[in-house]
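Asker: In the order they appear, the protein sequences are chains H and A. If you're matching positions, the first sequence starts at 1 in this note's numbering and goes up one per residue. If you're matching positions, the second sequence starts at 1 in this note's numbering and goes up one per residue.
Do not rely on the hints blindly, as some may be mistaken.
[Stated by the list, open to error] In silico negatives: residues of chain H with every beta carbon more than 10 Å from chain A:
hint	residue
1	Thr109
2	Ala200
3	Ile227
[Unchecked claim] Ranges between beta-carbon positions, derived for each pair:
hint	chain 1	residue 1	chain 2	residue 2	range
4	A	Val361	H	Ser252	40 to 46 Å
5	H	Phe24	A	Ser619	45 to 51 Å
6	H	Met28	A	Val361	55 to 61 Å
[To be verified] Sample of chain H residues at the chain A side, in silico, Cβ under 7 Å:
hint	residue
7	Asn84
8	Asp87
9	Glu91
10	Arg92
11	His202
12	Thr205
13	Ala208
14	Arg213
15	Arg214
16	His220
17	Ala295
18	Pro299
No lab work stands behind these hints, which were simulated from the structure alone. Note that this is a predicted model, so its numbers are computed, not measured. Just so you know, even glycine gets a beta-carbon here, dropped at the ideal spot from N, CA and C.
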Amino acid sequence: MRFFVLRLFTAMLAVWGALTIVFFALNMTGSPVALLVGDNATAEEIARLTTEFGYDRPLVVRYVIFLRDALTGQFPESLQYHSNSLDVVLERIPATLLLSGLGLLLGVTVGLGVGYLAANGRWAWSRRVPLAIIVCAEAVPPILLGVVLVLIFSLKLGWLPTGGSGSWKNLILPVTLLSVYAAPSIARVFRASIVSNAHADHVRTAEAKGLSRRMVRLRHIAANALIPVINLIGVHVGAILSGAVVTESLFSWPGVGRLSVDALLNRDYPLVLASVCVVAVGFVIVNLFVDIFIAVLDPRARER
Amino acid sequence: MLNVDKLSTDIVTAAGVVHAVDRVSLSLERGEMLGLVGESGCGKTMLAMSIAGLLPASGSVVSGSIVLNDRDLTRLPYDEAKRLRAQNIGVIFQNPTSALNPRMSVGSQIVEALNPEDRTSAAGADRKCVELLGMVGVPRPWDRLSDYPHELSGGLAQRVLIAIALARNPELLIADEPTTALDVTIQAQILDVIDRLRSELGLGVLLVSHDMALVAERADRVAVMYAGRVAETGEVGEVFRNPLHRYTAGLLDAAPSVWSTGHGRTRLLAIDGTPPDLSAPPPGCRFAPRCKFSESRCSTEPEVVRLDNGHTYACWKPAGELLEATSAEMAPDVAPDHGAPPDGDRGQPLMSLSEVRKEFVISRRVLGIGTERRRQAVAGVSLDILEGESLGIVGESGCGKSTIARLLVGLERPTGGTVTLHGRKTAADGRGEQTAWRRTVQLVFQDPYLSLDPTMRVRDSIAEPLLYKGGRKRAVRDLVERLAAEVGLAEGVTRRRPNELSGGQRQRVGIARALALDPQILVADEAVSALDVSVQAVILNLLKDLQRNRGLTYVFISHDLGVVRYVCDRVAVMYLGKIVETGPTERIFSAPAHPYTAALLAAVPGNAKRATLEGEIPSAENPPSGCRFRTRCRLATEKCALEEPVMQNVEGDGGGAVACHFPLARTEGIPLG
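Chain H on its own, in the form it takes in the complex (with noise of 0.2 Å):
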């Protein structure tokens, strides 16, 4: 109880320091109306916007308004949809939560599928080769990959869409590259850790009570190995919400990562900071449940 109050309490806190970082990194651009204008609107028409959006109050008060709009989720409207920036957000999460979530279930299965096998192959090669193509794929970098996997399974077989949305078959290219965001290194640390913790002693004393060779591995061993492998799925939440800019803008996938690239590019600023906040507060969230999860998993983590 005590370890969950007081996770909670960091937990709000790191939102805290993920929004205000997020304020003061646009304000350090510059005041975001000369970009919002465009090169040529007249001096009056900047000091209008401005004060219009509050822009001429000192930074300080800005910051205070902000998180109080921050808190009731009251965001400024959007210059593109002319609705509340948040709203906006909001309406586009199912479809990132849907993309990403598949994308890190995928990666996880993968990585540590592909983790205990090159720890626990029957043979050399099914330790080795699985786990060297992963790593492979991990290699290239995604962007380039999904335009690879584009020309050949869209534009070369014609079996799957280049983009868009609808149907299972649009899902499964961004899926796929949304997977080696994770899969690779999980792959690795779960095969390494399963590695270390075969060498354990508790694991001899799990043999001396004549378990079989499957369940000392999967109840001592494997599950042992997983601890560090469920921290590495808490960084690889980030990793993966920051791939769904890239592969919703290559797919074409109508989710947050698509809408905040839009907003920048329309110079959106209240919708990009709207969406930069939901990101940010999304991850916390996220981090929050892997350490309540390790927890469960380690009993020595609760006494942190």
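Using the hints provided, position chain A relative to the given structure of chain H.
Answerer: Chain A alone, transformed into the frame defined by chain H:
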């Protein structure tokens, strides 16, 4: 019940095939305890693991047989042998806390080991677990089921492991160094449990241990292993009273005993060298290259001689009646010892602690959540260190002795009280003073391997402090070579890296590094605990020589009372952050005044008045009121709970001081049992 015949086990390594066990034969009956002794690297553990079927993947039994109740485990199909072992053999290991899965509760780990018929219902399985935990003396077993291993003390974890080993009601218990990682008091408790189970359940026990005294006290028979072979076997009393193999005799001579009185006058008879590389063992008697008595015959393999009383040995030149001659060779120290310091009045102490306290914060309050927890590692210790003496600090783990070591060398700063060196306060002074302090007081660590940088050549490790001090390269190199020679490191050894050295060589390096700055005080924190007795003897002799030649002062922290008795002039006994008794070594060991000192001594294997101290050292977070030892003391009264005893002088010759309301009179001896 168990018959091992000409068993050979090989381990395949990159460097070649190691014949870890070579044609070993032994037998064990129900209810009997067989001790297996020898230095590390002699194949004891590999033999035990061959029997238990727990060899590493690179190891395998290559010939011979292991017959358990008329069935040869080496000839059965894999699954059948595995089933038979699971049913009939329980195993416990050296490091109890790491031998339990940290992720699983105690209960679930015992349940796994139960017979299928005991696990049909969850409630039934729990009941069986509780029964097993009760059997091994775990207090409040129901509460322990949901505990996790990191919440258990070493002693409790070892009891849980014994419960796991007993889950299928085996006939044979293999105990591989079961108490090596535990305190002497807890060791006695665990061995008592094993003894009781042996008689109650008729368990046969194979006890693997490096501790000769422990085997002598507990086992019925003993097998001494050297270089993968059995050198000598027989009844325990017979073998230890009348060792015939030179190796056995050497091991017995090498161990300093708590019960020998010749303290300080003699050198330990060390066995030089290390056990041979078992991928290419020497021909003939394998001990011959290290044996002081070897002759030409020893290059052919000695026959196994069997005496009428079952005592067997394989030695061309057995010790036997010649043993007296061996004892006579115990050369007295060349110079008389550095004068006994009993009255303790030799002017200004070199270093002293005054009411020193050290607290560690375990957890803080955050935003008013939780409670602040502090652990008092040292709770008001006053201690003088006199020039030229060897002061021993003893006590169970958790008593604060290592914290004292760190305070003495300045690695920790006291929370309260003062540390003075040469009569000047050391705390919070300028940088220069700090540096001077560190040069005067140096530390020798317990694990020489972990305390040396693995990537540095050892000569660079030794030179490092000298270079910091601003020495010229050429001069430093010469000094390093002189230091290496002084601690007995052969030429060329200093060019190697730590992983290329033996344990004894590493500790020599550790000592040379500590000596590099020419300190006055060496603080040795369990400096020989990780070493085999033969190597330990060499290092102890070296430390004594260095003290005589350099006029060093030692603070010797050890859980091994035999070593302390051998090395130290004066002893301080610590319990839960406080010193409970100090005094000259001879007085402390022959007439302890504090019940705790008496109990520590009583727990040492080989004590005729064997008695076990119950319970474990309480938490330093909430120490008991009054006398801290009262919760485990049989003499405790209400006064002990209310009033904290102060140090008072012990009457009679020797003297010293004790903090107890009811100190033991000289005649009373040990109040336990």
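Asker: Now, for every hint given, state plainly whether the structure supports it.
Answerer: Hints, one by one, checked against the model:
With a least CB separation of 22 Å from chain A, Thr109 (chain H) remains clear of the 10 Å interface cut-off, as annotated. Interface exclusion of Ala200 (chain H) from chain A breaks down, the closest Cβ pair being 7 Å apart, not more than 10 Å. A beta-carbon of chain A comes within 10 Å of the beta-carbon of Ile227 (chain H); the shortest separation is about 8 Å. Checked against the given bound of 40 to 46 Å, the beta carbons of Val361 (chain A) and Ser252 (chain H), roughly 56 Å apart, lie outside it.
For the pair Phe24 (chain H) and Ser619 (chain A), the beta carbons lie near 47 Å from each other, so the given range of 45 to 51 Å is met. Distance hint check for Met28 (chain H) and Val361 (chain A): the Cβ-Cβ separation is about 40 Å, which falls outside the suggested range of 55 to 61 Å. The beta carbon of Asn84 (chain H) is not positioned within 7 Å of any beta carbon in chain A (closest approach about 33 Å), and the interface hint is therefore violated. Contact between Asp87 (chain H) and chain A, as hinted, is not supported at the beta carbon level, the nearest pair being about 34 Å apart and thus beyond 7 Å.
Interface restraint check: Glu91 (chain H) against chain A, minimum CB-CB distance 36 Å, threshold 7 Å, status violated. At its closest, the beta carbon of Arg92 (chain H) sits 36 Å from a beta carbon of chain A; the interface hint therefore is violated under the 7 Å criterion. Restraint check, His202 (chain H) versus chain A: the minimum CB separation of about 4 Å is within 7 Å; hint holds. Restraint check, Thr205 (chain H) versus chain A: the minimum CB separation of about 5 Å is within 7 Å; hint holds.
Proximity of Ala208 (chain H) to chain A holds as hinted, the smallest CB-CB distance being about 4 Å (cut-off 7 Å). Residue-level restraint check for Arg213 (chain H) is violated (minimum Cβ-Cβ distance to chain A is 9 Å; threshold 7 Å). Interface restraint check for Arg214 (chain H): the shortest CB-CB distance to chain A comes to about 13 Å, outside 7 Å, so the restraint is violated. This hint holds: His220 (chain H) has a C-beta 6 Å from the nearest C-beta of chain A, less than the 7 Å allowed.
Residue-level restraint check for Ala295 (chain H) is violated (minimum Cβ-Cβ distance to chain A is 12 Å; threshold 7 Å). Because the smallest distance between the Cβ of Pro299 (chain H) and any Cβ of chain A comes to about 4 Å, under 7 Å, the interface hint for this residue holds.
The structure does not agree with the numbered hints 2, 3, 4, 6, 7, 8, 9, 10, 14, 15, 17 stated previously, though it agrees with the rest.
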